[in-house]
Amino acid sequence: MRRFGLIALIVALAVSACSTDSDTLTVYSGRSEELIGPLIQQFEEESGIDVAVRYGGSTEIAATLLEEGDRSPADVVFTQDPASIGAVALEGMLDRLPDDLLSRVPERFSDTDGLWVGVSGRVRTIVYDTTLLTPADLPATEDGLIGSEWQGLVGIAPANGSFLAFVAAKILLDGEVATLAWLEGMAANGSPAYSNNSSIVSAVADGQLDSGLVNHYYLLRRLKEQPQTSAANYFFPEPTAGSLVMPAGVGILRTTDNREAAETFVAFLLSERSQQYFASETFEYPLLPGVPANNGLPPIGDVPTPEVDLSELATVLDLATDLVTQAGLL
Amino acid sequence: MTETRPAIECRGLFQTYGDTVALDDFSLVVDKGEVVSLVGPSGCGKTTALRAIAGFEPPDAGSVSIGGRTVFSEGVDVAPEKRRVGMVFQDYALFPHMTVADNVGYGVTEEDRVERVAEVLDLVGLTGMDHRLPSELSGGEQQRVALARALAPRPEVVLLDEPFSNLDAPHRDRMRRDVRRILRDAGATAVFVTHDQSEALAIADTVAVMRDGHVVQVGSPLDVYQRPTDPWVASFLGESLAVEGIAEDGVVKTDLGSFPVDGSVEGAVRVIIRPEWIIATPAANGEATVIDLEYYGHDQMLLLELADGRRVQARVGRRPVLDRGDRVDLEFQEAVVFPRD
Amino acid sequence: MTVQAPWGPEPAVNVVGVTEAPPPQSRTGRKAPWWMWAGGVLIVLPLIFPLVFLFFRVLGASDAALDILFDLRTAELALRSTVLTALVTATAVVVGVAGAWVVSSTEVPGRKAWGVLVPLPLVIPSYVLALSFLAASGPRGTLATVTGWDVPVLDGLPGAWLALTLSTFPFVYLMVLAALRRLDPALEDAARGLGASRWHSFWTITLPQLRPAIGAGALLTALYTLSDFGAVSLMRYAAFTTAIYAQYAGRIDRTPAAVLSVLLILIALVIIWAEQRTRGRAAYHTSRPARRRSRQRLSTGERIAALGFLTSVVTLGVVIPVVVLATWAWRGARVGETVTIDWGAVGGSLIGSSLAAVLAMAAAIPIVVLTVRYRGRAAGWLERTVFVTFSLPHITVALAVVFFAVRYLGPLYQSLTLLVVVYASIFLAQATGATRASMLQVNPSVEEASRSLGKGPLQTLRSVTVPLIRPGLLAGGALVFLTTMKELPATLLLRPTGFDTLAVRIWSAANELFYARAAASALVLLGLSAIPLYFLVLSTKESPG
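Chains as they are written, first to last, in my numbering: chain A, 167 to 496; chain B, 4 to 344; chain C, 1328 to 1872.
Hints may contain errors.
In silico lysine-lysine, BS3-like type, Cα no more than 30 Å apart, as pairs [unchecked claim]: (1) B:Lys35 x B:Lys85; (2) C:Lys1439 x C:Lys1782; (3) C:Lys1358 x B:Lys85; (4) B:Lys35 x C:Lys1782; (5) B:Lys85 x C:Lys1782.
Just so you know, the hints here were simulated from the structure itself, not pulled from any lab data. Every value quoted in this text rests on a predicted model; they were computed, and no experiment measured them.
Next up, chain A with everything else stripped away, as it sits in the complex:
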C-alpha cells in the first residue's frame, strides 16, 4: 500500500518534470491573471495555440528573465509598465517586432528601436474620498503633495512597479536631485505606505485614508463591484511625471522557439476585440486609434503628456528604487 503510494509519487514527479511542451506558447506576464486571464483564454480558443502564462510583478518578471538569460523558456514578455520591459530590452533579450505590428499604435507608446510595443495605457491619478475632498483641493502636479497640509493624507505604494516607473519618469524629467527631494518630502509628510495600488484604493473607499497616488483603473473596478463607493479619480492637469500615460508593453524573446505563435499573440493583443476588452474590462486606455476608452474616463488625447522617451525609463529603474530606499520609504 505504502510502496504503491511511493511509486505513484515518483511517477507523478517524473511526469511533471518532463511535461514542458515545446508547442506551448510561454508568456511571462507582469499583468495579473485577474486582468488578462480571460483574454488569454479567448486567444487559445481562437488560435488553437496553447498558452502557458507565468504571472508575477512586472519588475519581478523582468528580473526573472534577466536571471534566466538564454536559458529562459519564455517566448513572450508582457509587462504593465514600460520600465521593466525596457530592462529586458536593454539586455538585448528582445527581437525587433514586425513593422505591421509596431505601426498599429502611436509611436510614442512603443520602444524607439521597436523591441516592444505598447498595448494599453494607464494614467497616474490621485484617488480621493469625495466626502472629504473636492478636485479644487487637489494640486496641479504631484509636487503640490509635499506641502505640510497633506501631512499623512496621501497614500503611496513605494514598492509597486507603477510607482517606481513613475519615479523613474520623474528622474528623467526633473533630475535625480529634485526627485529625491520630492520623495523625501513625501516621507517627511508621513505619507502612509501601502503594498500596492489596490490597497490604497480600498483604504480610500473604506474611509481609512483621504487620498492616494495610484493608476486610474483600480477605482473603476471597485466601483463596478460596489457602486456606492464615495471615491473619485483626479487627473493632474499639468504635463508632469504624475500625468504620464504609461503603456503596458509586450515583446518577443530573441530565444523563442515559437516565433510565429508569439507574433500571432502580439497581433491578437493589438486587435480591436482585445483593445475593447481593455477598455471595458480592465478600464485601461486602448492604444489602437479608434477604439474608445470607458466613458467614465477623459479621452486619452486630453491627458497632458510630458516629453519622456519611454525606452529610457529602464536605465533609471534601479536608481528609482535606490532613491525610494534612500528617502526611507522602503
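Assemble the complex: chain A is given as a structure, and chains B and C must be docked to it using the hints.
Chains B and C alone, transformed into the frame defined by chain A:
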C-alpha cells in the same frame, strides 16, 4: 572426530563506552543444549555481552562464534539477522500491532509458518491464543509469546535478557520453572542474563559469574555456590560471613572456633561461612544473643550478636523456637577458606 | 510545525504536540545502513545547495549592494520585526496555553466542540485573516456599518499583532494540549492535597511541566511571525520581509534582496539559539498518566470568563474571517461578478499539497530513525538542518532556489517536481516532529527482536517500525498538507508556468481588488483544509501505543 562444536564461543571481548569499560576480556563457551545463566551485579557488562553475541552492538575487539561459525572477529561482523540467535527481551518487545500468531510466525518461512506457530504455541501452552493482540495478554502470557517467538525459527541459541524481572514474585517462580521446562523440551541452547543469584542458580545447568566485564567463575550451580573461587563470588552468590583466621596443619583457627581444612592451605586465611552452615542451639549462657529473627515458615533467619559485638546471620530450620534476647551456642558445619595475601 | 527539540538526547515536543519520554536507554549499537543516510541527506540537499549559493552570491556582491546592510533603515526594520515577533509570541503563548488548559482541564460547557473550533485558525492563511480584519474594521467597515459605531481601522502594529497572534497560537495550543493530556495528574492533585490553590498549583506544578511544549510552540510562533510576509504587508507594518520583497520586486538587480535575506536567516538562527539557551535544563516529566485527569469544576463566574475567552478567540479567528469572506462572495455574485470555483487552482492546491505531504512523510522516516535510533553528531546536524530549513523565510528559500535552479538544474527549473521537493523540505520539520514523537514510543528492542528473527534493516523498517510510527507519520503528513495549502511566496516564485493554487488565486484576486473571487477561493481553501485538520485534532486525542 565428531567432536561437537560449542554453540557459543566468545573470546576476549572488549567493549568501552567513553570512559566506561563494559566488557573487559570477556570469554564464555556454551555447549549445545546447555542452559547457562550469566549472573553479576548490575553494570557488570552482562547485558552488553548478550547484545554482543546477538550482534546488536559489535564489541571493540575479540571474537564470537555461534554454532562453529565465526560471526564476529577482526574484519567479520555478521548482521544480527544472519546469526540465528533468538532473543527474549526484558520487556518482551512483542510487536504490538501483530497478533500472537503473527508475532510467533514472524521469523518463520512462509511455508512452515502455520505448522510451526501451532507447534511452538503448544510448547509454551498458549494454544488458542493465536488471534489475541499482545495488549490483551497478561505479563506471563506475553513472556511465553516472546519465548515462543524466539524459539520458532529454531535458532542456534536463545538469549534471554532478565526475562523474569517484569513479573511479580508468584508468577516469577512459576514462569522460571516453565521456561526451564520449555527450553529443555525444545532442546535449546540458552543463555540468560540475570542479576538475581537465586534465579541464576535455580534455572541453569551452568552458572557464569561476571564481574567488571569478564567472567570470574563458571560451574554448576552447586559448584559456584559451594566452591566459589574467591570471597567476592562467595558473597555475591549468597549471604555469607567472613572471618579472619590462621591455617596450620589442616586446621583453621578463628575467633569463632576452629574448622578442619584441606592441608594445602597454610598461613593467613579468610573463612567464608554461609548462614545455613551455622547450627544454633539454645543455651542459657550461649555465646550469641538473638537480636532479631525473620520467620519464613519453612525456616527462619536469625540475626545474632556475638560477645564482641559482631553480628552474624544464621539460617536455621523451623526449630528451635526462639525469641529476641534468647541466647544460643553456635556450631559451624562447613566453611570455605581462601588464602589471604 | 512540529517541532521539537531536535537537538539532542533530550525529550522532544512536536508540533502536534506530544511531550515525550526519552528512549529507554541510549543504545549506540550498529551503524545505520548507508541507504538510510542517503535518504536523509538527499531530502535536505535541494535546499542546502541553493542556500550556500545564495550565501556566496552575497559574499560576492558589490559594495553598493552591501551598503544596505549598514543602512540605518535596515536596523530599524530589524527592530520592528523583532518587536512584532516578541509581541505575537507572548500573546500566542498566553492564548494557546489558556485555551489548551480550559479545553483539556476544566468542565467548560461544550468542551468537545471548543476542542475542534479553537485550533481552526490554523487553516486560515495569515493574509486572509489580515484582509478580513481590514474589511471588518474602519469607519466604513462591516462592524461600523452594522453597529453605527465609530470604528478605527485596525492596521499597523495592532493589526499585524492580532492577525499573527490568531494564526500562530494554534501551534502553542496543539502542543500544550497534547502535553497536558500526558501530564501525570497525581502531581497536581498532590499539590492541591497539600493545600495549594488551583491557581497556585497550576502556576507551580503544571506550568513548569509544560515548559518544553510551550518553548517549542513559542519557537514556531516566533519563526513564523518573523518570516510572515502577507499579513504584515497588508497591515502596512513595514518589517524585514516587506523590505526584502520591496527590494526583490522593485529592482532588476536582486542582490540587495539576497543580502537582506541572509540577514533575516541570521536573525532566525539567533532566535533558535536563544530558545535553546533558555531551555536550559528544564525538567521533562514524562510519566504516563495512569488515569485520566480530573477536570476542574468552574464557578459560575469562572465559567462565564472561560466561555467569553473561548468565544472571542473563535469569533476573531474563525467567525469574522468566514463572515467577511462569505459577504464578499455574496456581494460579488449579486452584482454579476463571476464568482466561480477555479478547479484548476483547486487541483493545483490538492496535487501540490498531497505530493508534498507524501514526500515529507517518506523523507521523515529515515531522518527520524537516524536521529532517534542512531544518535550521534551527524544525525544531530541532519535534524538541526531540517529545523533551520523550516525556520527560513520562504521568500529567501524560493529566491535561492530560483537562482540555483535556473543555472544548474536545467529542466527541473519551474517544474512541479522542484516545487514539491521545496515544499517537502521547507515543511519537513513538521513531519519529522510528529513522527519523532511516535518513534520515541517505539521500544528499540522491538526492532532488535525483528533483526534477531532474521529480518534485515529494510524489512524491519517496513514491517515493524513504519507500522508503529504510522499515527505520527499521518499527523505529520496532515500538517504538511495544511501548511502547503496556505503557502504563497515559494509557490509564486517556483511554480511551473501555468500552475495555479488557491493561495495564489486569493492573493492575486485580492491584489487586484476582485474580492468576490478572492473570497470564493479562500472559502474553498478553508473547506479543503478543515478535513486534514479534523484528523489532526483527532490524532492528538488518542495517544497511540
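Numbers of unmet hints, in rising order: 2
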